[in-house]
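Use the sequences and the hints to build the structure in full.
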Amino acid sequence: MTLSRRLPGSPAIAAASEIAPGRYPDHDGFAMQELVMANFLAQWDLDPSLIDGLLISPAGMAVGSGANIFVHEWMTDSLGIKPRYAMTVNAGGATYNLMAMRAATTISSGLADAVLCIGAGKFPKVGAGAGDTMAKMVSDPQFEYPYGSFIPALYALTANRHMHDRGTTREQLASVAVSSRKWALKHPDAIMGHKGPITVDDVVNSRPIASPFNLLDCSVPCEGGAAFLVARGDIAREITDQPAYVLGFGEYHDHGAIALSSDFAAMGAGNAAKPAFAMAGLQPSDVNMAQLYDAFSINPILLLEETGLAKPGEGGRFFEDGRGAPDGDLPVNTYGGLLSFGHTGDASGITMLVEGALQTMGCAGDRQVETDITLVHTYGGMMADQATLLLGRAP
Amino acid sequence: MKPVPEISEVTEPYWRAAAEGRFMLPRCNTCDGVHHPPRRWCPHCWSQDMSWAEMSGRGHVMTFSIVHQPPSEGFEVPYILAVVKLEEGPQMMCNIVKCTTGDVTIGMGVSVIFETRGDIALPQFKPA
Numbered sequence: 000m001t002l003s004r005r006l007p008g009s010p011a012i013a014a015a016s017e018i019a020p021g022r023y024p025d026h027d028g029f030a031m032q033e034l035v036m037a038n039f040l041a042q043w044d045l046d047p048s049l050i051d052g053l054l055i056s057p058a059g060m061a062v063g064s065g066a067n068i069f070v071h072e073w074m075t076d077s078l079g080i081k082p083r084y085a086m087t088v089n090a091g092g093a094t095y096n097l098m099a100m101r102a103a104t105t106i107s108s109g110l111a112d113a114v115l116c117i118g119a120g121k122f123p124k125v126g127a128g129a130g131d132t133m134a135k136m137v138s139d140p141q142f143e144y145p146y147g148s149f150i151p152a153l154y155a156l157t158a159n160r161h162m163h164d165r166g167t168t169r170e171q172l173a174s175v176a177v178s179s180r181k182w183a184l185k186h187p188d189a190i191m192g193h194k195g196p197i198t199v200d201d202v203v204n205s206r207p208i209a210s211p212f213n214l215l216d217c218s219v220p221c222e223g224g225a226a227f228l229v230a231r232g233d234i235a236r237e238i239t240d241q242p243a244y245v246l247g248f249g250e251y252h253d254h255g256a257i258a259l260s261s262d263f264a265a266m267g268a269g270n271a272a273k274p275a276f277a278m279a280g281l282q283p284s285d286v287n288m289a290q291l292y293d294a295f296s297i298n299p300i301l302l303l304e305e306t307g308l309a310k311p312g313e314g315g316r317f318f319e320d321g322r323g324a325p326d327g328d329l330p331v332n333t334y335g336g337l338l339s340f341g342h343t344g345d346a347s348g349i350t351m352l353v354e355g356a357l358q359t360m361g362c363a364g365d366r367q368v369e370t371d372i373t374l375v376h377t378y379g380g381m382m383a384d385q386a387t388l389l390l391g392r393a394p
Numbered sequence: 000m001k002p003v004p005e006i007s008e009v010t011e012p013y014w015r016a017a018a019e020g021r022f023m024l025p026r027c028n029t030c031d032g033v034h035h036p037p038r039r040w041c042p043h044c045w046s047q048d049m050s051w052a053e054m055s056g057r058g059h060v061m062t063f064s065i066v067h068q069p070p071s072e073g074f075e076v077p078y079i080l081a082v083v084k085l086e087e088g089p090q091m092m093c094n095i096v097k098c099t100t101g102d103v104t105i106g107m108g109v110s111v112i113f114e115t116r117g118d119i120a121l122p123q124f125k126p127a
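Quick mapping for you: the protein sequence lines, in order, are chains A and B.
The opening residue of the first sequence carries number 0 in numbering that gives the first Met the number 0; numbering runs sequentially from there.
The opening residue of the second sequence carries number 0 in numbering that gives the first Met the number 0; numbering runs sequentially from there.
Hints in this document: simulated from the structure, not taken from any laboratory.
Just so you know, not all the hints are guaranteed correct.
Here chain A is said to cover these stretches of chain B; the calculated rule only asks that three of the stretch's residues, wherever they fall, bring their Cβ under 8 Å from a Cβ of chain A [claimed, not checked]: (1) 68 to 74; (2) 86 to 98.
Away from chain B, derived, C-beta distances all over 10 Å, residues of chain A [said to hold, decoys possible]: (3) Arg5; (4) Thr198; (5) Asp328.
Here are the simulated lysine to any residue pairs, SDA-like style, with alpha carbons at most 25 Å apart [unchecked claim]: (6) Lys125/B <-> Pro140/A; (7) Lys97/B <-> Pro4/B; (8) Lys1/B <-> Gly267/A; (9) Lys84/B <-> Lys181/A; (10) Lys124/A <-> Lys135/A; (11) Lys125/B <-> Gly267/A; (12) Lys125/B <-> Pro69/B; (13) Lys181/A <-> Met60/A; (14) Lys84/B <-> Gly267/A; (15) Lys181/A <-> Ala19/A.
Note that the coordinates shown come from a computational prediction; the quantities given were computed from them, not determined experimentally.
The beta-carbon is built from N, C-alpha and C at its ideal position, and this holds for glycine as well.
Pasting the structure below:
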């Protein structure tokens with residue numbers, strides 16, 4: 000039996016909600032964050048005196064419009080709270096799993112009891128120089144950017160190496176997008192939810208972007224955001240009958256520039272997942288559902304294999320066989336993924352965490368699937384920052 | 000025009016050598032490790048005692064992608080974005096040039112070639 004190192008106080012996600020992904024042209028960074036909070040406060044009846052911690056990320060980094068790196072101070076005033084724990088944090092897509100982890104350890108150490116976590120994101124429209132702006136942001140300015148370090152091509156470096164080393168096929172990549180679309184059809188807010196189902200042929204025959212990716216292998220840029228509350232177990236149970244307990248977590252930071260990646264056939268996610276399972280005293284076979292960050296179709300394949308949910312080289316077959324789709328034995332990205340729900344820029348990493356929490360809490364509406372143990376893995380940068388979170392229905 | 004790197008104090012010798020047709024990287028005088036991109040200290044052992052050493056210019060393709068949508072106006076598609084592992088150990092991003100897109104493969108041997116871009120020479124790789 001594995002000895003659990005679970006945290007004292009049983010920290011849990013007690014509340015979570017996300018605004019519909021879309022375009023919010025009249026809302027800049029902070030206005031987006033207030034929109035997110037207005038939605039959250041309307042859905043959850045919370046006493047302001049309960050909140051003694053605040054973690055928030057800058058919104059608007061991707062559009063280069065001067066994201067506010069002191070936004071925790073602005074939100075403190077806006078909410079009328081005087082927290083004993085607060086910070087503006089960023090690790091790209093990994094930000095929100097890391098917020099949940101930081102909140103959990105803070106609660107366990109007694110430095111806060113209820114930490115509000117907030118993310119909102121803007122995303123430039125593709126075309127109009129967006130590809131160039133984003134490439135510049137994520138690349139080494141001297142040693143990557145001059146070579147045309149277009150983001151889909153950077154991810155494609157990993158996809159091609161995985162196909163070469165592990166035998167993953169083009170059709171298997173496409174089947175990830177097909178699976179996500181099936182879930183999106185069940186989510187009322189998913190951007191691609193009204194576009195109907197897609198087939199492997201649809202994906203493979205969509206416009207070529209950067210080999211092996213075609214358009215439908217790429218996530219859909221949009222804007223949005225969410226908030227969630229991590230609270231000590233007893234406080235969480237006063238807010239909701241069924242919180243999502245934080246059972247284990249781990250993180251790993253492999254590189255900055257993707258050219259320096261340790262292994263192009265992998266992302267280093269296993270180095271985050273292993274300590275998460277050890278902390279929780281769980282095995283990959285205990286997991287009922289996975290929410291896996293999917294900027295491109297390759298990522299859920301890599302993450303399934305690296306977190307141990309599929310054997311190396313079997314992640315592609317997993318999706319080809321429909322195992323992550325509705326009625327599959329291990330549902331993956333039950334909200335439609337960034338591929339079909341939408342990629343909300345700075346806030347993208349909060350979406351799969353909110354979905355993992357809502358599913359674990361039994362609050363996922365028509366797309367609800369029974370899950371006792373849910374794995375949420377997000378990453379930031381060019382597959383640089385890895386963060387695994389295990390949520391459960393029991394502490 | 001395609002982007003031109005903004006050269007810093009630390010990387011100036013790299014670009015100066017490239018302009019002379021030589022591919023130079025810092026080699027650590029303490030641990031003998033070579034690294035890319037050039038840093039103020041050796042990322043292997045943190046020694047700051049380093050010398051510039053000429054590389055063989057040979058390596059192999061670790062991975063690549065054929066880009067069909069240009070990120071900015073200067074780029075003509077399709078082009079090959081790749082990461083090459085140098086014979087001396089470091090890995091670096093580049094374009095594979097003088098190579099049709101159907102011919103590039105993972106593991107393919109490549110050698111350095113310099114692309115003139117504005118006032119600088121950019122190390123690129125071609126089939127060996």
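Comparing the hints with the structure gives:
no.	hint	result
1	68 to 74	holds (count 5)
2	86 to 98	holds (count 5)
3	Arg5	holds (36 Å)
4	Thr198	holds (21 Å)
5	Asp328	holds (32 Å)
6	Lys125/B <-> Pro140/A	holds (22 Å)
7	Lys97/B <-> Pro4/B	holds (22 Å)
8	Lys1/B <-> Gly267/A	violated (32 Å)
9	Lys84/B <-> Lys181/A	violated (40 Å)
10	Lys124/A <-> Lys135/A	holds (16 Å)
11	Lys125/B <-> Gly267/A	violated (30 Å)
12	Lys125/B <-> Pro69/B	holds (21 Å)
13	Lys181/A <-> Met60/A	violated (31 Å)
14	Lys84/B <-> Gly267/A	holds (19 Å)
15	Lys181/A <-> Ala19/A	holds (18 Å)
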